[in-house]
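Asks: One letter stands for each residue in the lines below.
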Amino acid sequence: MHVSDDSPLVRNGKTIVLAHDHGLEHGPKQFDGVEARLDPNAVFEMATHDAVTALAVGKGLTETYYPSYDDEVNLLAKLNGGSDLWMGEPYAAQNWSVDYAAELGADAVGYTVYPGVNDEPRLFEDFGPVQERARDHDLPIAMWSYPRGQAIKEHRSRDAIAYAARIGLELGGDFVKVKYPRSPGAMAHAVDAAGDTGVLLSGGSKTSDREFLELVEGCLDAGVSGLAVGRNVWQREDPYDILDKLERVVFEGASADDVL
Amino acid sequence: MHVSDDSPLVRNGKTIVLAHDHGLEHGPKQFDGVEARLDPNAVFEMATHDAVTALAVGKGLTETYYPSYDDEVNLLAKLNGGSDLWMGEPYAAQNWSVDYAAELGADAVGYTVYPGVNDEPRLFEDFGPVQERARDHDLPIAMWSYPRGQAIKEHRSRDAIAYAARIGLELGGDFVKVKYPRSPGAMAHAVDAAGDTGVLLSGGSKTSDREFLELVEGCLDAGVSGLAVGRNVWQREDPYDILDKLERVVFEGASADDVL
Amino acid sequence: MHVSDDSPLVRNGKTIVLAHDHGLEHGPKQFDGVEARLDPNAVFEMATHDAVTALAVGKGLTETYYPSYDDEVNLLAKLNGGSDLWMGEPYAAQNWSVDYAAELGADAVGYTVYPGVNDEPRLFEDFGPVQERARDHDLPIAMWSYPRGQAIKEHRSRDAIAYAARIGLELGGDFVKVKYPRSPGAMAHAVDAAGDTGVLLSGGSKTSDREFLELVEGCLDAGVSGLAVGRNVWQREDPYDILDKLERVVFEGASADDVL
Amino acid sequence: MHVSDDSPLVRNGKTIVLAHDHGLEHGPKQFDGVEARLDPNAVFEMATHDAVTALAVGKGLTETYYPSYDDEVNLLAKLNGGSDLWMGEPYAAQNWSVDYAAELGADAVGYTVYPGVNDEPRLFEDFGPVQERARDHDLPIAMWSYPRGQAIKEHRSRDAIAYAARIGLELGGDFVKVKYPRSPGAMAHAVDAAGDTGVLLSGGSKTSDREFLELVEGCLDAGVSGLAVGRNVWQREDPYDILDKLERVVFEGASADDVL
Amino acid sequence: MHVSDDSPLVRNGKTIVLAHDHGLEHGPKQFDGVEARLDPNAVFEMATHDAVTALAVGKGLTETYYPSYDDEVNLLAKLNGGSDLWMGEPYAAQNWSVDYAAELGADAVGYTVYPGVNDEPRLFEDFGPVQERARDHDLPIAMWSYPRGQAIKEHRSRDAIAYAARIGLELGGDFVKVKYPRSPGAMAHAVDAAGDTGVLLSGGSKTSDREFLELVEGCLDAGVSGLAVGRNVWQREDPYDILDKLERVVFEGASADDVL
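Residue numbers (the working numbering), protein chains in the order written: chain A, 25 to 284; chain B, 25 to 284; chain C, 25 to 284; chain D, 25 to 284; chain E, 25 to 284.
The following block holds chain A by itself, in its conformation from the complex (with noise of 0.2 angstroms):
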C-alpha cells in the first residue's frame, strides 16, 4: 500500500524513524558511555527534532513516557519484540496489541518478521491479523524483515535484501525496514522488489558521520524512502547535530558533502 504524502509519517515524500527498542532488544549495555541516555526522556526529546518523523518505541516507553510528547512526537507502535539473553533462532513476541496501541495514540504499528527462521509459519501467521487490525484502525504497517536461518548464507546479500523487501509488499507493509545490502545497485533492486512499499534502510550500529551520512545519500539514490535510525543517533554525544545533518540530506537534498 502506498503511504500518502500527507501522511504524518511522511515529509517532502521521506521518513525518518527515530527506533528506540533497544532496551528491550539488547539491554542496558547498549547504553554504555551514553548514560544519561538510559533515560527514555533523553531520546523521546531527539523525535522532538524536526528530522524525525516517527518515533518506534514499545508499549511501556510509550505509556511512560509518550503523553508527554504526543503533541511534538508521531508514534510508531512496535508490537513485537524480545530480549537478546535469548538463545533461539530470531523471533519476536507480540507483546502489544494493535487496539492498545491505537488507543495510547499511535500513528503507525511496526513489527518484525524473520523469514526463513524454523518458526516464520507462526511469525507469518501473527503478522496477519495485525495488519488486518491496523487497516481497521488506519494505521500504517512497517514491517521489520530480517531474513535468517538455515538457508541464509548471507543475511546481507542483495538477493536476502532484495525478498526480505519483496516480502514486505507481499504481506501487506506499508514500509518494509531492511539492512543495507552492501551496495546501492543492490539497495535499488530490494527498493525494485518492494513495488509500491516504502523501503526504509536500517540504520544500523554506530559509524562515522561521513559513512553514514554517505550509506543515507547513496540509499535515497537508490530510491528509499527513508530509514529507521537508532545508534546513530541516540549514541553519539551530539545527536542533535547528525538529526540536522540527516535533515539536509533527507528531506532537502543536500548531499553528505554539502552537510560535513
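Derived from the structure by calculation, the hints contain no laboratory data.
The structure displayed is predicted, hence computed values, not measured ones.
Please note that a few of the clues may not be correct.
Note that identical chains are pooled: a pair holds if it fits in a single copy or bridges any two copies.
[To be verified] Lysine to any residue pairs mimicking SDA-like chemistry, simulated, CA-CA at most 20 angstroms apart:
hint	residue 1	residue 2
1	K177	G112
2	K230	D268
3	K53	A212
4	K53	S181
5	K53	K203
6	K53	P208
7	K177	E49
8	K53	R180
Starting from the known structure of chain A, arrange chains B, C, D and E on it as the hints suggest.
Replies: Just chains B, C, D and E now, with coordinates in the frame of chain A:
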C-alpha cells in the same frame, strides 16, 4: 461443489487463473531476465487479458494494486504461503483472513495444503474454517493440493496426483490445483477422482510454447476445468502472445497445432 | 446416551451406516477394480437403499452431492480425518464444524479418536466441544474408537476393543464404532462395556458374502446395535445384493444361512 | 475456599465421594470379577446410599444415567481424564466444559492435575479458567492432586502429599483429593498445608474391610474432610455393607473396631 | 508508568510488598520451623502491619482468606506461578485472570517473567494481554523479572539485573521486582535502567536482621521504590519486630544502625 458456469471465474465452462504469488513463495530471483515484471502492475495488466478469468495474488499485492484493476480483473485471494528461505517441510502459513479478502473484493479464495507432511493435521484443521468462512461469503475456494512428506516417493505419480485431487473434493474445494501426473491418462484419473470439483492444471516452470500448449491441450482432453499458470506467462518475453494462444486452446477449442 | 428408536438412524432398533470417507482416508487406489464408484453419486445412490439408515461422508461430498439425495438419505457428517500419506501416529484432524454440518442437514455427526496415541489428550480435548456442540443441535454423535499407540500390542484384543467401546460411553458418544475383536464373546463384552451407548461393528475390508454376513449375524447375537460398512458394500460388484441381504439379517432377523 | 456445612456435598461436616471414572482411566479390565458393575446403573444405584454425598463421574455416564438418579444423587462432574493406554507422562485432558456440567445438573466439578510433570504449566493454565467458570456457576471444585514427574522420587512421601494438598489450596480448590502419605502424622501435615481447603483421602485399590476402615479412621483423626472412594466400594462383593460401615465411621464417629 | 503517590500501594513514595506465594512455588517444606505459618491467616495477619503496603498472594489464598482482611490489607494478585517439582526451565503458568482478580478486590496484579529462557516468547506473549487487561481495570502491574536460561552465566550480575529492570519498563510494568545485583552501585544502575518504573528489591532467603536491613538501606540509597519481602518476614520467629524495623527504614528514613 460444482461452480456454476456463470461464475466470474468461468468462461465457456473453463477457467484460467493467472497465479502471481512467486514474490512471496520464491522471491525476486524468479524475475531474473524479466526485471520489469518485479513491478506488479505489469502482471496485473496481463490479468486484464480476456484469457485470464482470475488473478491469484496475496494480500499485499491486492491492497496495493488491485484498486486500479478491480473493474477488469477477477481476484482469487491467495490466503496462505511462505518463503522458500524456510527449510522445514512444505507448509503454508495463513496470512490473510477470508473476511478481509472479501472486503477487498475477492471473487474467490485459494489455499495451499500439503497432504502427507508432518503438519498435515494442522493444514487440514486450518483449511476447515477457511473453507466454511468462504461459504459464508459465497466465495468459491480453490485448493492448491501438493502431496509431500515421507510417504511420497514420487509426488507426480498417478496415485499421488489422483489422491491430491480427491482431497480437494473431500475437504470441500470447488477447484483443486494439481501438478501434471506425467500422462494424460493419469490426469483423466485425477479428474475422475475429483468428482464435480474442478481440476486445474498447475502450469509449472517455463517451457516452450509447443510443450506448454500441448500439455494444456492434453489435459483439457483429459477433462480438466482449466489451468493455473504463472511463470509460463509472466516469465515469457511476450506474455500476451501466449495468452492469445491459451485463449484459443482453452476457451475456443483450438488445438496446439492450430495456434502455433 | 440412548438413541431413541424413532431416531432417523434407527430402524427396528438397529442401524446400518454406509461409510464412505475412503477417498480421504485411503485415496483413489481403494477404487481399483470399481472405478465407477469414484463417482460419489454411485455411493450416494446405494445409500438410498432401505438397508442404509445413514451415510457417513465428509464435508466436500456432502456439499457437492447431498443436495440431490437429502430426501432419501440420512446424513452422518464425518467431521475429522486425514490422508494415509501421513506417516505420524494415527490422528484425525477436524475439518468440518458441527454448525456447518447441521446447516447442511446432518442427522448425526461422527468423530474418530485413537485412544493410546501420543496425541490422545489433543483428540479427547477436541472431541469434548464437538460432542457438546452436537448436543446443542440435538444431533447424535458416533465415535470411531480405535486404540493405537505404544501400549497396544494387539489392537483387536478383547481388552482393547472393550476399552474402545467404553471410551465411547465415557466421553459421551451415542454410538461407538469398533473393530471386530475376533470372537462373538469378546464383542459381547464390548457391548457390555459400552452400556447404553450403541456399538457399531466396523465392517472392515472386503470379504466373501458368507464370511461377512456370518460376522454380522454373530455380532448382532452379541448385542451390537448395527454396523458401519463401507468397502464390503461399495467395493462389491453388486452392492445392492449385499444390501438386500444385510437388510434381512440386521432388520428382519434372518440368519446368514437364510439369505445365502 | 471453605465449603459451607449446608453444601449438598457435606453431611455433618464430612464428605464421601463415590468415584467412578475407572471406565475411562483404567478400562473394563477393572471390572474383572465384578462384571455386573460394568453396567453404570449398578454404581449409580450405590450412590443413592446415604453414605455417599456425591458421585464423581464423567460426561458420558452423566448424560446417560444421571437423569434417572438426579433426585437421589449429588453429581461431582469429573471434567478431565485420559486412558491408561496412553504412554506419556500422566496427563488429564479436559473433555467436558463447566457450562455443560452445570446444565446437566452438577453439584460440583472435579479436575485432575499432576504437579511436577513436564506439562504442569499446561495443566495449571487449564485449571485456572475451569476453576473460575465453576465460581461463575457457584459450583465447588475438587482438585485431584497427584505429584508426578522427574523430581518425584516417592510420590506418597510426606513432603509430596503435603505439597499436593497445598497446591489445592493455592490454585483455588474447595477440596483436594490426595493419596495417603503412609502415616496419619503425614496426613495431618497435609491437612495443615491445605488450610481451609478440605482434604479428601483417595481410597485407592481394594483392600480388606479392616485395613480400609482403619485407614479412614486414622485420616479422619488427622483432620481430613472425608474421602473419595471407588474400587474399595464397587469392586467389593457387597458394596452396601462397606457403605454402611463407612457411614458410621465418617458421619457418626464410630471407630473401625466398632463397625467390624 | 509512574504509580502515583496516592496509590494504595505507596506510602511516602515507597512500597513494601509482603509476598506469600511460597506455598505454590516452593511447597510446605518452606515452613519447616515455622509450622504455624502454614495457616495463611498468620501471614494475612502480618499484612495488616502498617509497614506492608500490599500482600502478594495467589488466587486460592485470596478467595479463602482475603474476605476477612480486605479492609486492612491491599491485595497484589499474583497471577502466575508453578511448583518447584517441575524440572523444566523456569516458567510461570497463568492460573488467575485479571478479571477475576479485580472481582476479588485486587489493588494491583503481579506476573513473573523469565527473560532468556527458551519459553521467553511465550512468557512475553502471555504478559502482553495481562498487562493490557490490568490497564482496563486501572490496576498497577508488577513484573517479577528474573533472567534465566542458557545465556545467563550469572543471573545476579550487574548487566543481568539492569536488563531485568529495563524489561519491566519496556513491557509496561509499573513495578519490577529484581534480585539484588550484589552491590548498591549495580542496583543504582538497575534503577536508572528502569526509568519511571519502580524497582522493588526481592527480599530473598532469610538472613540476619542486620544483613537484611543494611541491604534494604543500601538499595533505598540506590533509588529503589521499595521491596518485596517474604521469607525474611514470615520465616522469622518475630515477624512483627522486623516489620517495625522495616517501617522505620523504608518509610521514615531511619538507617539500619538506627533501628538495630
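Asks: Work down the list of hints and note, for each, if the structure agrees.
Replies: Verification of the hints:
1. K177 <-> G112: Answer is both: 18 angstroms inside a copy and 16 angstroms across each meet the 20 angstroms cutoff.
2. K230 <-> D268: Intra 17 angstroms, inter 52 angstroms, cutoff 20 angstroms: intra-copy only.
3. K53 <-> A212: Answer is between; shortest inter-copy Cα gap is 14 angstroms, intra-copy 35 angstroms.
4. K53 <-> S181: Between copies only: 12 angstroms across, 29 angstroms inside.
5. K53 <-> K203: between (22 angstroms within a copy, 18 angstroms between copies)
6. K53 <-> P208: between (32 angstroms within a copy, 18 angstroms between copies)
7. K177 <-> E49: Between copies only: 18 angstroms across, 23 angstroms inside.
8. K53 <-> R180: between (25 angstroms within a copy, 15 angstroms between copies)
Checked against the numbered hints above, the structure breaks none of them.
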